[in-house]
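Using the hints, position chain L against chain A.
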Amino acid sequence: MGIKVNISRQLQQFTNGQMVVEAVGRNIGECVESLEAQFPGIKKGLHVEQGELNGPYQIYVKSTNSYTAKLDKPVQENDELAIRFTVAGG
Amino acid sequence: MQDYKLLRVNLSEGSIKEETIPSQLINNYIGGKGLAAYYLYTEVKAKVDPLSPANKVIFMAGPLAGIMPCCTHHVVTTKSPLTGGYADSFAAGNFSYELRKAGFLGIIIEGKSPNLVTLKIEGRKATLEDASHLKGKTITETDKYYSGFNVASIGPGGENLVKYACILNNVTGAGRSAAAGRGGAGAVMGSKNLKAIAVKSDGKLEIPEKVKDLQKKHFKRFADDKDLREFFSGGLFTPNIDICNTANVIPTRNFTEGSFEKVKSINEDALRPNIIKKSACYLCPVGCGNTVKVNRGPFKGTEATVEYEPTVLLGANCGQGDLSTIVESIRLCNEYGVDVMSMGDVIAFAMECSEKGLIDYEIHFGDAEKQIELIKMIVNREGIGNLLAEGVKVASEKIAKGSEDFAIHVKGLELPAYDPRGSRAMALAYATADRGGCHQRAWPAGAEVVDKTADPFTTTGKAELVKELQDYNAAAWSLITCDCVPYSAEWLAEILSSLGFSINEKEFMTLGEKVYNVARLFNVREGFSRKDDSMPKRFTEPMKDTGWKIPMNDFERMLDEYYEFRGWDKKTGIPKAEKLRELGIGELAP
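As they're listed, the protein sequences go chains A and L. Numbers given in the numbering used here equal positions in the first sequence, counted from 1, plus 1411. Numbers given in the numbering used here equal positions in the second sequence, counted from 1, plus 154.
Please keep in mind that the hints were generated in silico from the structure rather than gathered at the bench. Since this is a predicted model, take the numbers as computed values, not measurements. Glycine included, each C-beta is placed from N, C-alpha and C at the ideal position. Wrong hints could be hidden among the right ones.
Stated by the list, open to error - Partial selection, computed: residues in chain A whose CB lies under 7 angstroms from chain L:
1) Gly1428
2) Phe1450
3) Lys1454
4) Asn1465
5) Gly1466
6) Tyr1478
7) Thr1479
8) Arg1495
Stated by the list, open to error - Straight-line distance between alpha carbons at most 27 angstroms, and here's what the computed DSSO-like set of lysine-lysine pairs gives:
9) L:Lys606 to A:Lys1484
10) L:Lys366 to A:Lys1481
11) L:Lys370 to A:Lys1455
12) L:Lys691 to A:Lys1484
Just chain A, same shape as in the assembly (with noise of 0.2 angstroms):
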């Protein structure tokens, strides 16, 4: 079964506009992985590199985040990811 991952706004142009896609993955970096094989150019557009998140773009597990630039974090079957863009401010 797979994991739900919302999808910044800035990113849907990888999912062909889809807000919500599915993933699956034992860690946040495998779930990315998943992503790419579905939609490819999406880690690059997270910014991904050398397996930290390098850009404007941040993985929240549930509604939480641990503000980390490593992918390391587990995942399980029922958490839902977001990946959003995290300026603070407006």
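Frame of chain A; chain L shown alone:
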């Protein structure tokens, strides 16, 4: 770790002293928001009049200023004359870099000068200089007078004690200019007869080799980030104008509607062709400063730096679709030194009062000339402007007749440009922001509206989201990083460690929670409690266009959950003793 110093300036005595900040304090609070909040809480006594000599104004940079990219904001912290509570406001520009080169992390201003003065810092030498001849001068005039210095000054708004007067820096120098806009620090400076702080230094910051490598790494990371540069290429957060309009959360006609029929006249597509200048802070490859010049309309030829908030609050929220009127309004606010956001809400409030026949002054939504006239009246405290200079909370209490129900503020601070009826977590973010109605402590509208990665109408998970955003930002603003660029917790911990601080990524997030609680304690000591963590009554009523409203039960449930996550008492909203002890600040309990 190196010594960090601050200047303590007592304007009553005319004295200036250099102090070394105790290393334990630096390690506990780092700088910026954290350190300034600590000093404010421990040095300003409870219940003092914010405009009396007993209040203090604290300018604080962070230890990363001039060292890491996108870290040159400074914070101005004080007891707010607008809310009576804690206030801090962050300004971009290079003031903090100049201050750090002069050898100081911060300045604490105390007392009141008998005459108008400027604090001049040249090299390491600080003096108080008579500024009587600058009385009534605008921000640009003052800035030009101290040509060659980096100047943070007040205008007539601060001198006339407009409760939402602000402090602007670097308006004529190279690079980004900006305001410490919110909460009325400009009025506190005015009450102390301090016109400006002018800093110039030829000093150099010592940067360790390891830190230079990190500087290069992160500079390249931002420079290569096309998404970031594109997002800010047309104005600060201006893409949000269309996004929020489509999502029906753009405040229109004093928050009665969530979409504006003239949005195409004021959105990013309308702004972009008018851009004449771009600017950035020192060591910033993004460059969010966009100055526009509007060449048509009743105020053609007017120029100002545009951002989302003032464009919407002085535009759609005032029913104003003429771009030249909006830009002229921003320009005037910046010249007079008053907060563009509060001003937008105050004018919208006055327009609704006028249309309902509650005040003896005629101004209608969309009235360009009257909008400009009213800004001038407020700054000069003329006629109805004298009352409106107090902000919408006090003005509505005086006008009464039901106007309190549409005075859009939390704790006295007028609200930013996101209607929470289409972004429920924003209601909680506004209610629990330490300085009153603010979007920069937590901005869940980013997830609910801009990204659309969270359901804007559910309350599930929102309390945790708001708390987390507040804690991260409180930590990041203690360093101080810019809110336009992302730094992860482990990167920031790595950078701080390389500067000799003792902190890991877990402790970084705890730092934010600790700092947020210090600000909360300040408000608790001033008498704020759960009843003040509220929202304007208007948000419980349907929007005219969408019919959306926030049921009080939903709001109260979010607040209960939030207090639980925070470790604050559910009845009172006061931090529990065990939470304060857990954060290592048990001794600060009031």
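We went through each hint and held it up to the structure:
1. Gly1428: violated (12 angstroms)
2. Phe1450: violated (16 angstroms)
3. Lys1454: Given a least distance of 14 angstroms, the restraint on lysine 1454 of chain A is violated.
4. Asn1465: Holds, because the Cβ-Cβ distance from asparagine 1465 of chain A to chain L comes to roughly 5 angstroms (cut-off 7 angstroms).
5. Gly1466: It holds, given that the least Cβ distance between glycine 1466 of chain A and chain L is near 5 angstroms, below 7 angstroms.
6. Tyr1478: Holds, about 4 angstroms.
7. Thr1479: This interface hint holds because 5 angstroms falls under the 7 angstroms limit.
8. Arg1495: This hint holds: arginine 1495 of chain A lies near chain L, its Cβ roughly 5 angstroms from the closest one there, short of 7 angstroms.
9. L:Lys606 to A:Lys1484: holds (23 angstroms)
10. L:Lys366 to A:Lys1481: Distance of about 22 angstroms is within 27 angstroms: holds.
11. L:Lys370 to A:Lys1455: Holds, at about 21 angstroms.
12. L:Lys691 to A:Lys1484: Not OK: lysine 691 of chain L and lysine 1484 of chain A at ~42 angstroms, beyond 27 angstroms, violated.
Hints 1, 2, 3 and 12, counting from the list given before, are not met by this structure.
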